[in-house]
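These protein sequence lines map, in sequence, to chains S and V. What the first sequence shows, in the numbering used here, is residues 5 to 301, in sequence order. What the second sequence shows, in the numbering used here, is residues 5 to 238, in sequence order.
Treat the hints loosely; a few may be bogus.
Stated by the list, open to error - Covered, in the sense of this in silico footprint (three residues per stretch, anywhere, with C-beta under 8 Å from a C-beta of chain V), are these stretches of chain S:
(1) 173-183
(2) 186-200
As the list claims (entries may be wrong) - With a straight-line cut-off of 30 Å between C-alpha atoms, the simulated DSSO-like cross-links for lysine-lysine are:
(3) Lys112(V) / Lys79(V)
(4) Lys172(S) / Lys124(V)
(5) Lys79(V) / Lys98(S)
(6) Lys42(S) / Lys79(V)
In case anyone wonders, no lab produced these hints; they're calculated from the structure. Each residue gets a CB set at the ideal place from its N, CA and C atoms; glycine is no exception.
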Amino acid sequence: MDFSITQQFLQQLINGISLGSIYALIALGYTMVYGIIKLINFAHGDIYMVGAYVAFFATTTLKLSFFPALIVSMVVAAIVGMTIERLAYRPLRKAPRIAILITAIGVSLLLEYGGMLLVTPQPRTFPALFESQVYTFGNIVVNSQQVIILAISVVLMVILTFVVQRTKIGKAMRAVSFDTDAARLMGIDVDRVISMTFAIGSALAAAAGMLVGVYYNSIDPLMGIMPGLKAFVAAVLGGIGVIPGAMLGGIIMGVIEAMVSGFISSTFRDAAAFAILIIILLFKPSGLLGKNVREKV
Amino acid sequence: MLKIENIDVYYGAIHALKGISAEVNEGEIVTLIGANGAGKSTILRTISGLLKPKAGQINFEGKSIAGVVAQDIVKLGISQVPEGRRVFANMSVLENLELGAYIRNDKKGIQEDMENVFVKFPRLAERRSQLAGTLSGGEQQMLAMGRALMSRPRLLLLDEPSMGLAPLLVKEIFSIIKEINASGTTVLLVEQNAHMALSIAHRAYVLETGRITLSGDAKELAASEEIRKAYLGG
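Starting from the given sequences, assemble the full structure and let the hints guide the process.
Below, the structure written as structure tokens:
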């Protein structure tokens with residue numbers, strides 16, 4: 005049987021969905037932070053790098069297995085995220101928005117180059133935590149890493165949805181994001197809610213970082229730049245501030261990228277991602293799932 | 005119960021409140037009336053801790069609360085129904101009420117109070133799983149009031165509950181305010197609809213451009229020539 009277009013399509017679809025779920029995990033942090041303090045946290049992609057490194061040391065130095073390392077990485081990243089918010093962003097809460105945006109870029113550079121200083125710029129080989137198995141269905145190939153990436157991402161997104169929809173802190177987050185002053189009048193400690201949002205977003209990014217380490221076997225201090233930008237595009241594509249939008253946007257981004265590399269050329273992959281950003285900003289700036297809300301006065 | 009002494013509040017360079025003093029005694033309905041921009045909402049926002057007075061004192065049940073942050077004011081027993089309702093439009097009626105009880109942890113008590121809100125506002129009961137944004141203006145006002153009651157306040161601050169509502173609904177809302185007061189909650193009511201406000205209040209303050217110009221018994225004020233001319237249309 006020939007390697008037909010349909011099979012090629014299905015193969016790229018599978019690759020795209022697993023890559024896309026990584027983007028989705030990162031995009032969630034962008035969108036949640038934006039939803040709550042209207043900040044594009046450009047340091048977010050670097051938190052993903054921090055997560056990958058923590059997972060690397062947890063599995064190599066501490067010899068932890070996959071799940072404990074995942075937990076350690078998520079917890080450490082959550083603490084890093086909360087610390088950044090506390091030290092860099094909170095003092096600027098009342099400053100013009102551009103000040104905090106520039107600070108975010110500064111924090112991003114600090115993490116990238118501070119990271120180089122701390123762990124050297126050399127890429128590291130992420131240990132193989134699983135025996136890689138390859139499943140073939142006809143001519144379509146799925147490996148165990150892809151299955152794990154998808155499974156972990158889905159579980160994390162289900163947990164996140166539950167937290168946001170059903171728990172007290174989740175409701176407080178939605179309230180703060182909708183109307184901060186009204187939330188204060190309910191007795192909600194807005195600073196604590198913002199801090200929790202950073203913690204959750206950072207933990208999800210760290211999970212993505214570890215999954216990518218497992219998938220590509222290689223990590224380096226600048227690994228967060230491109231996926232960070234693409235996840236940001238994914239968040240905008242889905243509708244920034246909208247949680248299901250980030251999930252959808254991430255998956256779509258991953259699939260488009262995979263299709264472009266599969267059918268056109270992998271050198272156009274990144275161009276495709278940013279072409280999406282331009283197109284969405286031109287034709288539907290509020291994103292696929294975003295609502296056209298009037299600015300509140 | 006609540007004593008405001010000589011507070012000065014600024015919005016940036018704008019001197020919004022100039023040496024305001026007022027008092028609310030336990031069990032009363034006190035109303036603040038005045039034109040648009042007189043500073044009525046500013047007073048409520050300052051009591052609630054959303055704004056900080058530059059000078060002056062606010063005492064609630066003997067404790068100084070000027071400068072206490074908003075989320076702690078609610079815990080002290082002061083709850084506000086803000087101007088324009090400010091319900092969480094993207095959440096259900098039920099979730100809005102749950103958020104009203106955010107500072108509480110007694111599940112059973114919260115459940116009971118929620119039932120009480122539904123008895124007081126039967127229309128909310130019918131729409132409990134509906135998104136707050138899909139409610140009519142009157143229903144949103146009821147939801148905002150129910151939500152504020154969920155924290156079991158001893159002092160309820162109401163900011164323009166009549167805004168944008170049909171006269172019949174205004175009547176309904178005001179009779180509910182009277183009921184709430186009768187069941188033991190002290191009320192500080194800010195209104196542009198001076199006629200309605202004076203009809204249910206015990207005492208009133210008249211605010212003009214950041215200063216209190218008149219105060220006294222609500223019935224007497226409603227009868228006074230000055231008030232009739234300025235606020236009651238003749």
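Original post:
Which hint numbers doesn't this structure obey?
Top reply: Violated hints: none at all, because every hint is consistent with the structure.
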